[in-house]
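Work from the hints to combine the two standalone chains into their complex.
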Amino acid sequence: MRILRAATVTATVTALAAVAAGCGGGTSFDDGGSDDSPRTLTYWASNQGPNVEADKKILGPELRKFERQTGIKVKLEVIPWPELLNRILAATTSGQGPDVLNIGNTWSASLQATGALLPWDRKNLDAIGGRDRFLAPALEATGAAGKDPAAVPLYSLAYALYYNKRMFQEAGISKPPATWDELVADGKRISKDGKWGLGAEGGQLTNNIHQAFALGKQHGADFFDRTGKPTFTSDGAVAAVKQYIDFMAKDKIIAPGNAEYGQNQSLRDFATGRTAMVLWQAAATTFAADGMKPGDWGVAPVPVPSGTPGTGRQINSMLAGINIAVFKNTRNLQGARKFVKFMTSDTEQRLLNKTYGSIPPVKAAQQDPAFNRKDTRVLRETLIRSAAPLPQIAEESQFETSVGTAVKDLFADAAAGHPVTTASVKARLAKAQQQMAQ
Amino acid sequence: MRGFTRLRRVGLPYLLLLPALLLELLVHLVPMVIGIVMSFKELTQLHIAHWGTAPWKALGNYRVTVDFDAPVGATLLHSFVVTCAFSLLTVGLCWLLGTAAAIFLQENFRGRGLLRAVFLTPYALPVYAAVITWAFLFQRDNGLVNHVLHDQLQLTGDRPFWLLGDNSFLALLVVSVWKTWPFAFLVVMAALQSIPKDLYEAAALDGAGIVRQIRRITLPSLRPINQVLLLVLFLWSFNDFNTPYVLFGKAAPEAADLLSIHIYQSSFVTWNFGTGSAMSVLLLLFLLVVTAGYLLATSRGRKSDG
Chain A
1 MRILRAATVT
11 ATVTALAAVA
21 AGCGGGTSFD
31 DGGSDDSPRT
41 LTYWASNQGP
51 NVEADKKILG
61 PELRKFERQT
71 GIKVKLEVIP
81 WPELLNRILA
91 ATTSGQGPDV
101 LNIGNTWSAS
111 LQATGALLPW
121 DRKNLDAIGG
131 RDRFLAPALE
141 ATGAAGKDPA
151 AVPLYSLAYA
161 LYYNKRMFQE
171 AGISKPPATW
181 DELVADGKRI
191 SKDGKWGLGA
201 EGGQLTNNIH
211 QAFALGKQHG
221 ADFFDRTGKP
231 TFTSDGAVAA
241 VKQYIDFMAK
251 DKIIAPGNAE
261 YGQNQSLRDF
271 ATGRTAMVLW
281 QAAATTFAAD
291 GMKPGDWGVA
301 PVPVPSGTPG
311 TGRQINSMLA
321 GINIAVFKNT
331 RNLQGARKFV
341 KFMTSDTEQR
351 LLNKTYGSIP
361 PVKAAQQDPA
371 FNRKDTRVLR
381 ETLIRSAAPL
391 PQIAEESQFE
401 TSVGTAVKDL
411 FADAAAGHPV
421 TTASVKARLA
431 KAQQQMAQ
Chain B
1001 MRGFTRLRRV
1011 GLPYLLLLPA
1021 LLLELLVHLV
1031 PMVIGIVMSF
1041 KELTQLHIAH
1051 WGTAPWKALG
1061 NYRVTVDFDA
1071 PVGATLLHSF
1081 VVTCAFSLLT
1091 VGLCWLLGTA
1101 AAIFLQENFR
1111 GRGLLRAVFL
1121 TPYALPVYAA
1131 VITWAFLFQR
1141 DNGLVNHVLH
1151 DQLQLTGDRP
1161 FWLLGDNSFL
1171 ALLVVSVWKT
1181 WPFAFLVVMA
1191 ALQSIPKDLY
1201 EAAALDGAGI
1211 VRQIRRITLP
1221 SLRPINQVLL
1231 LVLFLWSFND
1241 FNTPYVLFGK
1251 AAPEAADLLS
1261 IHIYQSSFVT
1271 WNFGTGSAMS
1281 VLLLLFLLVV
1291 TAGYLLATSR
1301 GRKSDG
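So the protein lines, in turn, are chains A and B. Every letter in the first sequence is one number past the one before it in this note's numbering, and letter 402, counting from 1, is 402. For any residue, its number in this note's numbering is found by taking its place in the second sequence, counting from 1, and adding 1000.
In short, the hints are calculated from the structure, not lab data. It is possible that part of the hints are untrue.
Some but not every residue of chain A turned toward chain B, in silico, with C-beta under 8 Å [said to hold, decoys possible]:
| id | residue |
| --- | --- |
| 1 | Asn86 |
| 2 | Leu89 |
| 3 | Thr93 |
| 4 | Ala113 |
| 5 | Gly115 |
| 6 | Pro119 |
| 7 | Thr179 |
| 8 | Gly257 |
| 9 | Ala394 |
| 10 | Ser397 |
| 11 | Thr405 |
| 12 | Lys408 |
| 13 | Gln434 |
| 14 | Gln435 |
Restraint ranges, calculated between C-beta atoms of paired labels, are given here [to be verified]:
| id | chain 1 | residue 1 | chain 2 | residue 2 | range |
| --- | --- | --- | --- | --- | --- |
| 15 | B | Val1232 | A | Trp81 | 31 to 37 Å |
| 16 | A | Thr285 | B | Glu1024 | 46 to 52 Å |
| 17 | A | Gly417 | B | Gly1113 | 48 to 54 Å |
| 18 | B | Ala1058 | A | Ser34 | 54 to 60 Å |
Built from N, CA and C at the ideal position, the CB exists for glycine as well.
For reference, chain B alone in the conformation it holds in the complex (with noise of 0.2 Å):
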């Protein structure tokens, strides 16, 4: 009998978990579930109205979007490559702003509060509504971007296109980073907070420069936090749909093609579930590697410090 009473003891906070355990799989795990199921049968519009009974493909889907000499996967390979260059660069660039931000703003002066919030404004800003005005200020012909480079300050010999060709991937990261890295500053600025004062005061005593302090003092204080912020910022450029897509349309220029979008085309624009799936089931396994090697390396990492 007192075993059983500690058996619910100890068991009572896995059953109070039970159900939001159960929420998470409904809304999580069953979708991406079939998701795999799907991406393993022809499930075109033919099919749709009936996807359970859809023909199985067995891995023909995926052997159509691995096979880099045919067209579906010589492009599926170029986004992929385009989106690993396009989140390295968005998360080196949001952190490295986010990290500066945060430190600059660390010390006590007039207007901090407002600076503070004006460089939260990005990320507080619906998407769609602050895409589409950098869609409107990167025209060629009636945009501001063109206005300042090439009427006033005439950098450029003539007008260049920043939605179309190979200029469209510095728009997308332009646009990505300006939306991205008020994160990175609020959790930074979020983490210094918890760095003691007097390490800092010691350090000086000691002679130490503002340079020194932030790499012997902040940056080792940050390392957990940045841990957790790479990833996120990185999981989150490599999925991200909504500013392609409200920059470019339906259909990407090359340059700027990212896998999300690639994606939404192969499946949704084209009809062809059963492709458009088997290329999200590839994206998700590349995640979990990089997600687990990451977490791997950089927690030894931590160990050894220690």
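Bound conformation, chain A alone (with noise of 0.2 Å):
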């Protein structure tokens, strides 16, 4: 009779967490935070130095920092990039998530549709020292249009030139070309004897995506319309992915093989002298850990069709980055915007910025003579200057998935040999737009 109970009341505890865990999904969040839980937070952080453990060591006597002045203990956890969009994802379906997050700027317009991060209205940027201290375009990319922030921005990057010096000098450049049909020049110069142009990640999406952006702003494409319809075949969105792609079809500046690199291996072909030029974001530190000197490469702005980078049609790059946001349904209200505040103060931005080789979106930070060196100097400018959001609708993932397969696919057609033409472009980029329609 004992066990017959006992397997009884197993049998009833195990139903009641099934139904329990059944139910727990789909938490509100029109209810908001509360300031239930004042002496804690926790805070997921994007994994933006050499591998997690750097990150606690870099973040954690910061948040040390932070806690004697506030008596608030922040739990850190720092995730890798290619689980953190999952996170966000599942703590958003479940309700359960972190109170303070990093977040990649190009999801902010998507993750803001979802409704999980708190808006950063008026009150709110006020309390963290008002929108006027951060970088006008760093914060275009923290949300859609007209809305009020999903995010602020925390730390920022742009795209840059680098170029190997000596490869070069070998075949007589003087300097960096400043437009693209120097840079096609220069590259035929020293494509040879194995030796290649330029380097491009043909296999990754989110890189195909920065560099053919950057580029359909010179042909005046924006990939989307004013409404947010997908404007994939316009011409100057063909015209730009068919710039891109003729650097290996037609200009054959690009290596083939460079058509399915996905793992940084143009970088690791920078570094051993294989190819002489890379369009990258903060390359340096890779470069060095690959055994290469400061001195041996140059950095210099994305080349523009006028040679000098500015808005509009001058724009040379995405503006890359990431965000700070917190999650609307925190226990812990105050304490979160506390916490942003005390990531984005001057201190800390010249500081974390510094160390992971980032510019500061905060304006009053980036006087520090750390953004000043030559590489981090054209980081700033581009940045201040020539760089633009990618476009902040709510299908951005769409958008990179889409596109970034159709230049892929392109690339594995110029590296195969088949012919790329306009029509050709159009019709991968037809493909890709009757994808974002499902």
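Written out as structure tokens, the structure reads:
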């Protein structure tokens, strides 16, 4: 009889647990945050340093500083990039998430649409010093236009042209190219005997999108119209993608093998002297890790048609970066705001961006000499003058996947020796646009 | 009263099974049911925070998925065909390799244990580490595969791409077979131990050669094991996600666009979980039909044998 009762109890408990778990999802966000738990915060940091452990070492002392100032203990979890978005989506679905988290700034509008993030309205922004403290384009990459930002800029980055000084010298080139015509001409002089002018990461969808986006701006194309409808097959968009693919297909300054690169092999090729140029964001630490000395490479702005980067058709980079956001149903709203204020304070901005090799989106923090070295100056000036955020639309993720895949497929065509024409580029982009419609 | 006691005695095993059953429900069936419910909803990023209240779409997701004239349905059908071909080839090759190796290793010879251990290594390696190594081997410019085929043996005129275009199917198949065949080897090897030695001795006395022994004794004795083995291999390879994901990343080439990765792309990458769920449910139905059909067919065959 005792066995029977034990079994019954076990069964009942299990059944109850099952029911409870089944109902756990879909917690409402409508009630917003509360201050039920004012002594602790959970912070999900993206992986910015060489590895997760390094991030813990870098952030740990800062979090302890915050604890000394406010008495709030921050529980840190550093989340690797491949997992971050899935973790955020899971937290959104279950309603059980961190209090404060890092997001890639291109996800801002998509995550804003889920309604899981605290809107940074005037009042909230004023509490951390007001919008004017931040670089305007960085603030544009925090959510859809016309809505309160879903996040606040934390670390900013832009693309630059990295070139191998020795290879340039050997080819008799005295200065880095400022226009695409110069880049192609330089590339052709270098591309021989197993050496190549330019590197590309053809299998990496995100990188493809970043390059296509900047070139698109230069052709007057935005990939989306004002109402948010995709316009991938516009003349400008087709011309931009074709120009990028033609570096391999027509100009032959990118090695065909780059079509399958997706694990940053193009950086290794650059570090080992197989390619003379790459377009990248903050690649310095990677080059150093691959054995290059800081004097071996030079940094210049990404070329533009006129030779002088600026706004409009002279934009030469997407605005990359990390935003910091507050989960709407946090149980420590006051504390979360304080923590964002701390992380965006001038001191922390200087310190953390310096350590991570990024540029502070907080204007006052940019005055530090660390952001005026030869490489950081180019990045900083690009950010201020000639960077634009990717389309801030809820379907950004589909955009990256569909157009990124189209560019990858076109690189595969070019590498296999199939002709790449305006018509074939348009066909691939039309297919990508159909996928957006689903 | 006696009836009650009997009921208790008969009922006790079922009662003891109940916790396991409920846990099984919790771990497998509840998520499955939720997945099925999701497939009838419009579950995009606009609704995931309140997925309980996401609007119903009735059969809308299914209609999109099976409309083979539109891009979504057409690519799904293509992906289905690719997956079928991939699974059948993987199962066939794994079984052939596994059985052949197991039979050869039946003989007692020096180094047999070592060889067995070596054969099992691919199965023991973590999937990610193994597949990423293959991804580097298959690289066009620096990969070992092209170094051997092109530089050393000069079999190909130009360096072929293995991870792009049509060759990617072959690359995927090689990695998948390499990774799975040790399981077939292990299972068949275990099954071979239970075949009585005297059967072979009697057959040898009657003048049966090695081929005849394999055909008349080994294969028929392996039949019940093979029935399960082939099914498991099929289900595994049909559902394989890790191999193509690590090998190709988020967007697999068309020639190697397996269903699992296709569904992943249709839900997680594009944040359209409703369509992804609908595809998963269709996949589940297909696998159920295949499994049921296969079990029916094979067990009927066995009855008529007996």
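Do the hints match the structure? See the list:
For asparagine 86(A), the interface hint holds, since its Cβ comes within 8 Å of a Cβ in chain B; the closest pair sits about 7 Å apart. Annotation: interface hint on leucine 89(A) holds; nearest CB of chain B at approximately 7 Å, less than 8 Å. Contact between threonine 93(A) and chain B, as hinted, is supported at the beta carbon level, the nearest pair being about 5 Å apart and thus within 8 Å. The beta carbon of alanine 113(A) comes within 5 Å of a beta carbon in chain B, closer than 8 Å, and the hint placing it at the interface holds.
For glycine 115(A), the interface hint holds, since its Cβ comes within 8 Å of a Cβ in chain B; the closest pair sits about 5 Å apart. Using the Cβ-Cβ criterion of 8 Å, the hint placing proline 119(A) at the interface with chain B is not satisfied: the shortest such distance is roughly 14 Å. Here the hint on threonine 179(A) is broken, as its CB sits about 29 Å from the closest CB of chain B, past 8 Å. Look at glycine 257(A): its Cβ gets to within about 4 Å of chain B, closer than 8 Å, so that hint holds up.
For alanine 394(A), the interface hint holds, since its Cβ comes within 8 Å of a Cβ in chain B; the closest pair sits about 6 Å apart. The beta carbon of serine 397(A) is positioned within 8 Å of a beta carbon in chain B (closest approach about 6 Å), and the interface hint is therefore held. Given hint, threonine 405(A) at the interface with chain B, holds; its Cβ is 4 Å from that chain's nearest Cβ, closer than 8 Å. Interface hint at lysine 408(A): satisfied, since its Cβ lies 6 Å from the closest Cβ of chain B, which is below the 8 Å cut-off.
Contact between glutamine 434(A) and chain B, as hinted, is supported at the beta carbon level, the nearest pair being about 4 Å apart and thus within 8 Å. Because the beta carbon of glutamine 435(A) sits about 6 Å from the nearest beta carbon in chain B, less than 8 Å, this interface hint is met. In this structure, valine 1232(B) and tryptophan 81(A) meet the distance hint of 31 to 37 Å, their C-beta atoms being roughly 34 Å apart. Here the CB-CB span from threonine 285(A) to glutamate 1024(B) is close to 49 Å, well matched to the stated 46 to 52 Å.
Glycine 417(A) and glycine 1113(B) have their C-beta atoms about 50 Å apart, which keeps the hinted 48 to 54 Å range intact. The supplied range of 54 to 60 Å is broken by alanine 1058(B) and serine 34(A), whose beta-carbon atoms lie about 38 Å from each other.
Violated hints, listed in ascending order, are 6, 7 and 18; each of the other numbered hints is respected by the structure.
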